[in-house]
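Undergrad: Given next are the chains, with one letter for each unit.
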Amino acid sequence: MAIYVLGISAFYHDSAAALVKDGVPVAAAQEERFTRVRHDPAFPAQAIAYCLDAEGITLDDLEAVVYYEDPQEKFSRVISSFASGGIGGARTFINAMPEWIRWKWNVLKFVDEQLEILSRGKAPRTQASQHHRSHAAAAFYPSPFKNAAVLCIDGIGEWHSTTIWHGKGSNLELKNSISYPHSVGLLYSAMTYYCGFKVDSGEYKLMGLAPYGQPIYADKIRDELINIREDGSFTLNMKYFEYLRGERMVGEAFEELFGGPIRQPESPISQRECDLAASIQKVTEEVVLGLATAAVKQTGERNLCLAGGVALNCVANGVLSRSGRFDSIWIQPAAGDAGCALGAALDFAVKHSGRPHLDGNKSDAMSGSLLGPGFGDEEIAQFLLENQYPFTRYDDAGLYDQVASRLAEGAVVGWFQGRMEFGPRALGARSILGDARNPEMQRTMNLKIKYRESFRPFAPAVLAEDAGNYFDICEKSPYMLMVAPVTDSIKSQQSRQESGPERGLGSINNIRSQLPAVTHVDLSARVQTVTEENNAPFTYLLRSFKERTGCSVLVNTSFNVRGEPIVCKPEEAYACFMRTEMDVLVLGRYVLERPGQPAFVEAVDWRSEIPLD
Amino acid sequence: MLRFLAFLMFIVVLLPIGLTRSVFHSSRFGRRFHQAPTAWDHSVNKL
Ligand SMILES: [Fe+2]
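Going line by line, the protein sequences match chains P and D.
My numbering puts the first residue of the first sequence at 874, with every later residue one more than the last.
My numbering puts the first residue of the second sequence at 34, with every later residue one more than the last.
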């Protein structure tokens, strides 16, 4: 009989549930996709229900329920942090403590109660993993490596902010760690906060801003904020940070150091923020490279697995990849805390019955990270017929040909296929696609679909076998977690010149390469390499597009409007299609063109309902 | 009630701990740790 283990991460941000069957991930999803609350930290009731339904089981069928971290260890860190934070943290402490005393310090009991409320059978009592152990298990066990160095870097777990593990078959051994309050994730978040973006979600924006700036503050950061040792370890100078007191990341000391106040959210972005972003990015890359080098030294392995929020910094990942210090790198697609749900379950499962053998022709055990809900043709047809939305149904070959032809004509296509992605990136299951060669595509997608003038370019999805024609990429990047330079052969003449392209803010729409929609101002791109194994329908579409145009690259951006979680169900995809100026919606084999759709009237304007991100 | 308990805990336990730490620079929160030769929890030499 199959052994099922349920993993849960919750109550911080991006709650999630994951189900592992005989040591293999079979279902996983973030709660936000069901509740439609971005980064929802609530108990992942709907994600758990989905996981159980995906396998047709109840809570009675579970061997174990594992919570992603140890609440008591976390509590001790919180207390210790307030102790060192001084009198300034008193108010926040007094406000926060009742919740800790009522349920947070004994969150496992709370989880048990919530599981009971689900009325889906009797679950085994919830047990705790450890935050970084969960990250490490998610990074190593599904990876293609028998043995590997495993590096986890995040903001903070219980005490650890950085850990090195030695992954050996069915074993994960903690080799070393760096503990709170020293955290490169918190350093990056502190700069995110200082630049006026939201902590835990605005870090992407800072990373996107970096190429517009010069790292003129990097020396100041190295001299004052962080002490990076030759052995890869680091500490932060706590006199500049205020997160010990739990209220805000930085304050007057930080403002004084950088000679200006914290930027007000939504106020205009200046060159200064770009330079700050470039500086913190540069230092982060140095720290990450130092830590990864230490991981290799301390384990004697040359294959590297990565997880933790900092592993979502795809620019830093690109630096690791190009450094030549590692034979191969594998990054858990749900590298943030949502992925801890999966890691917690995997860790238990592997301890219980060993690590399952990876099928010889598989590149990892993540199934392309397509672990979320899927909707069959029948369900989609029923939805369309019930609502009388006009559509055309295609057979397989006809579908790819039709969509490729619409893309080649310049259409923006909502692409909804199969099971939803687990992790923050859209990988061709819930994606909005466009022609990357089209010089207008970036602007069109920003203004007509995402409703923002972004400084972040869109990402390219490319057939893995053709990736080298467009990008200087050393290895596969199936989960869009590596940034790589575009090749010289596709750079525009201006970009090839020594002075390089213009890099100022506002130059986002300049033509820098033959793939203008996906080429950032520093001539890089956040690449997704697509294979039939990871996502067959997306591969067939790319092949069809290549047959028609000679180009095997498409713009791939997440299927949502700004501030909204990625769509999960057909009705959400349809609503997003009608709220925006998308031209075509593809739901499975059903193709919907905008002209002819009935007027889409909503009781409340979504712009007022969905907060800005 | 819980808030009062938290207040007491802050005054009686946390503040003295924090004061001791800042006087003796005896924790990883302090300046001395920031200047230590390594920040690894386990000395790298032993590995
Ligand atoms: Fe984490």
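Where hints are given, some of them may not hold.
One-sided and incomplete, this derived list gives chain P residues near chain D with beta-carbon spacing under 8 Å [unchecked claim]:
#1 S949
#2 I952
#3 A963
#4 T965
#5 I967
#6 M970
#7 P971
#8 N1049
#9 N1100
#10 R1102
#11 T1360
#12 S1362
#13 S1365
Simulated restraints, written as ranges between beta carbons of each label pair [as the list claims (entries may be wrong)]:
#14 D:H75 - P:K1071: 48 to 54 Å
#15 P:K1224 - D:L52: 39 to 45 Å
#16 D:H75 - P:E928: 37 to 43 Å
#17 P:G961 - D:F37: 16 to 22 Å
#18 P:K1093 - D:V56: 28 to 34 Å
Computed footprint of chain P on chain D, listed as stretches where at least three residues anywhere in the stretch have a Cβ under 8 Å from a Cβ of chain P [to be verified]:
#19 43-53
#20 66-76
For the record, the hints were derived by calculation from the structure and aren't laboratory data.
Beta carbons: idealized from backbone N, C-alpha and C, even for Gly.
Undergrad: Next, verify each hint and record whether it holds.
TA: These are the hints, each one checked on the structure:
no.: 1; hint: S949; result: violated, 12 Å
no.: 2; hint: I952; result: holds, 7 Å
no.: 3; hint: A963; result: holds, 5 Å
no.: 4; hint: T965; result: violated, 10 Å
no.: 5; hint: I967; result: holds, 5 Å
no.: 6; hint: M970; result: holds, 4 Å
no.: 7; hint: P971; result: holds, 4 Å
no.: 8; hint: N1049; result: holds, 5 Å
no.: 9; hint: N1100; result: holds, 6 Å
no.: 10; hint: R1102; result: holds, 6 Å
no.: 11; hint: T1360; result: violated, 39 Å
no.: 12; hint: S1362; result: violated, 44 Å
no.: 13; hint: S1365; result: violated, 45 Å
no.: 14; hint: D:H75 - P:K1071: 48 to 54 Å; result: violated, 35 Å
no.: 15; hint: P:K1224 - D:L52: 39 to 45 Å; result: holds, 43 Å
no.: 16; hint: D:H75 - P:E928: 37 to 43 Å; result: holds, 40 Å
no.: 17; hint: P:G961 - D:F37: 16 to 22 Å; result: holds, 20 Å
no.: 18; hint: P:K1093 - D:V56: 28 to 34 Å; result: holds, 29 Å
no.: 19; hint: 43-53; result: holds (count 6)
no.: 20; hint: 66-76; result: holds (count 10)
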